[in-house]
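Each chain, letter by letter, is given below.
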Amino acid sequence: MSKAKPSLSAPPAQRPIAWREFAFLLAGLLIVAGPHALRAPWWLVALTLFLYAWRSAGVWNRSLLPPAWVLVVVVVLGMAGIWLQYRAIFGRTPGMMLLLLFSGLKLLESRHQRDLAAVVFLTWFLAITNFLYTQSIPTALGMCTAVAASVAALVTCAAPRRAPRANLRTASLLLGQAVPAALVLFLLFPRVQGPLWGLPQDAYAGISGLADSMSPGSLSQLTLSDAVAFRVDFPGDTPPRRALYWRGPVMWDFDGRTWRQGNPAMGELDPPASGTRIEYSVLLEPHNRNWLFALEVPASLPPQARYLADGQIVNLTPVRARLRYDIASAIDAEPDPDESRQTLERARRLPPGFNPRARALAESWRGAAPRDADVLVRAIEHFRRERLRYTTEPPILGRDSVDEFLFETREGFCEHYASAFVFLMRSAGVPARVVTGYQGGDMNPVDRRFTVRQSDAHAWSEVFIGGRGWVRVDPTALSVPLRLDAGLERAVAEGGALPLLMRPGLQWLRTLRYNWEALAHQWNLLVLGYNPDRQRELLSMLGMRDADWLDLASTLLVVLGAFVAV
Amino acid sequence: MLGHRRVYIVPSRLGLFFGATLAILLVGSINYALSLGFALTFLLAGMGLAAMVQTTRNLARLTVRAVRSEPVFAGDAAHFRLGMMNAGDFDRPEILVRHLASNVQQTIDVAAGDSAEAVLAVPAPRRGWLALGRVMLETRFPVGLFRAWSYVEPECRCLVYPRPEASPLPPLAQSARAGGARAHAQGSDDFSGLRTYQPADSPRHVAWKSVARNDTQHARSDAMLTKQFAGDAVAELWLDLGDLPPALGLERRLSRLAGWVLAAERAGALYGLRLPGTGIEPGRGAAHGAACLEALALHRTA
Numbered sequence: 001m002s003k004a005k006p007s008l009s010a011p012p013a014q015r016p017i018a019w020r021e022f023a024f025l026l027a028g029l030l031i032v033a034g035p036h037a038l039r040a041p042w043w044l045v046a047l048t049l050f051l052y053a054w055r056s057a058g059v060w061n062r063s064l065l066p067p068a069w070v071l072v073v074v075v076v077l078g079m080a081g082i083w084l085q086y087r088a089i090f091g092r093t094p095g096m097m098l099l100l101l102f103s104g105l106k107l108l109e110s111r112h113q114r115d116l117a118a119v120v121f122l123t124w125f126l127a128i129t130n131f132l133y134t135q136s137i138p139t140a141l142g143m144c145t146a147v148a149a150s151v152a153a154l155v156t157c158a159a160p161r162r163a164p165r166a167n168l169r170t171a172s173l174l175l176g177q178a179v180p181a182a183l184v185l186f187l188l189f190p191r192v193q194g195p196l197w198g199l200p201q202d203a204y205a206g207i208s209g210l211a212d213s214m215s216p217g218s219l220s221q222l223t224l225s226d227a228v229a230f231r232v233d234f235p236g237d238t239p240p241r242r243a244l245y246w247r248g249p250v251m252w253d254f255d256g257r258t259w260r261q262g263n264p265a266m267g268e269l270d271p272p273a274s275g276t277r278i279e280y281s282v283l284l285e286p287h288n289r290n291w292l293f294a295l296e297v298p299a300s301l302p303p304q305a306r307y308l309a310d311g312q313i314v315n316l317t318p319v320r321a322r323l324r325y326d327i328a329s330a331i332d333a334e335p336d337p338d339e340s341r342q343t344l345e346r347a348r349r350l351p352p353g354f355n356p357r358a359r360a361l362a363e364s365w366r367g368a369a370p371r372d373a374d375v376l377v378r379a380i381e382h383f384r385r386e387r388l389r390y391t392t393e394p395p396i397l398g399r400d401s402v403d404e405f406l407f408e409t410r411e412g413f414c415e416h417y418a419s420a421f422v423f424l425m426r427s428a429g430v431p432a433r434v435v436t437g438y439q440g441g442d443m444n445p446v447d448r449r450f451t452v453r454q455s456d457a458h459a460w461s462e463v464f465i466g467g468r469g470w471v472r473v474d475p476t477a478l479s480v481p482l483r484l485d486a487g488l489e490r491a492v493a494e495g496g497a498l499p500l501l502m503r504p505g506l507q508w509l510r511t512l513r514y515n516w517e518a519l520a521h522q523w524n525l526l527v528l529g530y531n532p533d534r535q536r537e538l539l540s541m542l543g544m545r546d547a548d549w550l551d552l553a554s555t556l557l558v559v560l561g562a563f564v565a566v
Numbered sequence: 001m002l003g004h005r006r007v008y009i010v011p012s013r014l015g016l017f018f019g020a021t022l023a024i025l026l027v028g029s030i031n032y033a034l035s036l037g038f039a040l041t042f043l044l045a046g047m048g049l050a051a052m053v054q055t056t057r058n059l060a061r062l063t064v065r066a067v068r069s070e071p072v073f074a075g076d077a078a079h080f081r082l083g084m085m086n087a088g089d090f091d092r093p094e095i096l097v098r099h100l101a102s103n104v105q106q107t108i109d110v111a112a113g114d115s116a117e118a119v120l121a122v123p124a125p126r127r128g129w130l131a132l133g134r135v136m137l138e139t140r141f142p143v144g145l146f147r148a149w150s151y152v153e154p155e156c157r158c159l160v161y162p163r164p165e166a167s168p169l170p171p172l173a174q175s176a177r178a179g180g181a182r183a184h185a186q187g188s189d190d191f192s193g194l195r196t197y198q199p200a201d202s203p204r205h206v207a208w209k210s211v212a213r214n215d216t217q218h219a220r221s222d223a224m225l226t227k228q229f230a231g232d233a234v235a236e237l238w239l240d241l242g243d244l245p246p247a248l249g250l251e252r253r254l255s256r257l258a259g260w261v262l263a264a265e266r267a268g269a270l271y272g273l274r275l276p277g278t279g280i281e282p283g284r285g286a287a288h289g290a291a292c293l294e295a296l297a298l299h300r301t302a
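Chains as they are written, first to last, in the working numbering: chain W, 1 to 566; chain V, 1 to 302.
In short, the hints are calculated from the structure, not lab data.
Values in this document were obtained by computation on a predicted structure and should not be read as measured data.
One or more of the hints may lead you astray.
Stated by the list, open to error - In silico SDA-like pairs for lysine to any residue, Cα to Cα no more than 20 Å straight-line:
hint : chain 1 : residue 1 : chain 2 : residue 2
1    : W       : 106       : W       : 20
2    : W       : 106       : V       : 21
3    : W       : 106       : V       : 96
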């Protein structure tokens, strides 16, 4: 007689990992690790992929799985490699690389379905860290796919005997049902303005934008990028293209090669009386710097901004999340004729011993013209006459960069023009400074918004003329008038490097891009731009004025409870 | 038929880890002001919420019906069959049906609008009625973050016969003294020889004297010899509790009687059963055997 045998099926925790759940898990992991792999050193990518492949082989034949000491060796080697690569283990990029490495290790180490959940959670961490680099729509869709795959892996662990398709359907259903609750949480969960603790030094590395210094080649590198710098919405009239000088950091101090911002002084904004007042709002992409961009001359400031004596507008904190501000400018306003003697002194300073030929040229102008305005006219004529070649691939310059640009290579980008012009002015004793920023931008015909890209980065000069004030001179426009009217793509000679989308003859591509960007703009505004301020606005629209987090939490609980009950 | 209303649910260990993971994701999103980090965290939180609802739903309003279970011998497993009916329009996979007293469990899937049967092989150590008792239905479907459970106690019992003891039938002489065999069943056939005992042989034909020396409790069947008769007559046998020495104890004696019933049934004999205060007239066939075994099973049980 047979003994009664309890029909104990092995609890899920102890079931060995099988293909059906592993396939989902690996799919999710590959999707989230993909974007990280683009940023990782090649050896780490290879190692991680090797670990994934090893575990996959282990699903097929369990005896291939390594003993624990092998894993320890891989951990040690991998961490040593990351240390050698970055000279750090903590910080954003090395931390991310560690996470990537651990995803492979944890996967390889997993023997039972219980361990699998840890890999799923790791997948989610990797997914969310992708958002540190980009929060675009494609990234969001990719991460959603990865989350669906990882949830399907969890479902398969919970129901190993079901068909994979049924489990995938259950996972999709779960996520579909999650959307309303997620939406409510997204809108109503009490938002706190971060950061909660000090961020690693390199937390915002890799964000492109204008720097606080300018040396030959720095802007031309930037302009190869199609990335959006900011978007502008003009509710009223759009100013003419020639007025679209988006003023950014002002460079004062020259060391022979690099222009630097120096220490700007705080100033008071004195709204200009003349000019055409134009109001607009700017949606600034994060650039990890304080400065905001505005058309000349600012007439009013957003509340969180400060005005500097040299006309810059700065935010109180570095712009690390998309920032929207409303601002007004007076176009073609008369400049303020007063300036402190100290400032003018600073605007004439040059390091001795650089660029003797340019210096000699400037001194010859000064000798022939006693007044600053006359010197300026001569300089402008010089730039008009000389027809220096405009290129996004300027040759590398040596010690006397201005001399080489003006007299030898005779080709350069706007930073060369601006640098040379200001150098000439200062050599002649005329106060001058370099202004960096953006020039132009293009209008999206779909939503009629202006988009200013990194490729619109520009540098120009401002010269102080006694009795008039600071006057803008764009030496690039003097030499290459097309630059101003038609933008970069017309000004650069045939065959020069241009961002793909700026090349002529790709109209359909441009149309597609305009539509895509209109969508992306809404995405930025509504999804990525949702912050504590927007939440307050939404709540006051819903009739909850001055709602504190307790009100929010109780509302949230009620709504979520309703979801569960339904 | 039994419906059950109350479904309990708690987060599983995995669910607690899930909560901790969400907390870390949330803090990270706040710290880096990641809008999509919030979105992903909340999507996962919503997923957890939906999982909670689905886990509860997997058990709620599932009807459980006990199906008649076949009698078994003590020491065997009583197979309780529970029919699960899913009137909903969704599948209910991975329902763990666990018998609380014995920890016997089985996992079943009940498709939408369908029914499925869980068979619980519950050990039945003692004769008599074995009531199923409380059964727990448990599920962690769909993602294992929550554990939902519910109790049912179907009116369901299984008859457990005494464990049959393979022992020699009483010698004919003893049976005769007790009136165990009727006169016409004796002596009409000519004894023609001996052969090795086979289980199908009538116990009456065993050459008991040749095995009497082996006074062991469990006589081995291959040591027994069967008397062969030229003419195969119908024997009428009385199996009587009183034939067995009281020193064996009631359970052992009932076991031995159960063994005899089986042996007599196999032999195709006409046999009756005598227990103190009750008796079953001689008969044969499966129903008769079952009646005898039932009488043995329920003898002096509450």
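Go through the numbered hints given earlier and state which of them the structure violates, listing their numbers in rising order.
The structure breaks only hint 3.
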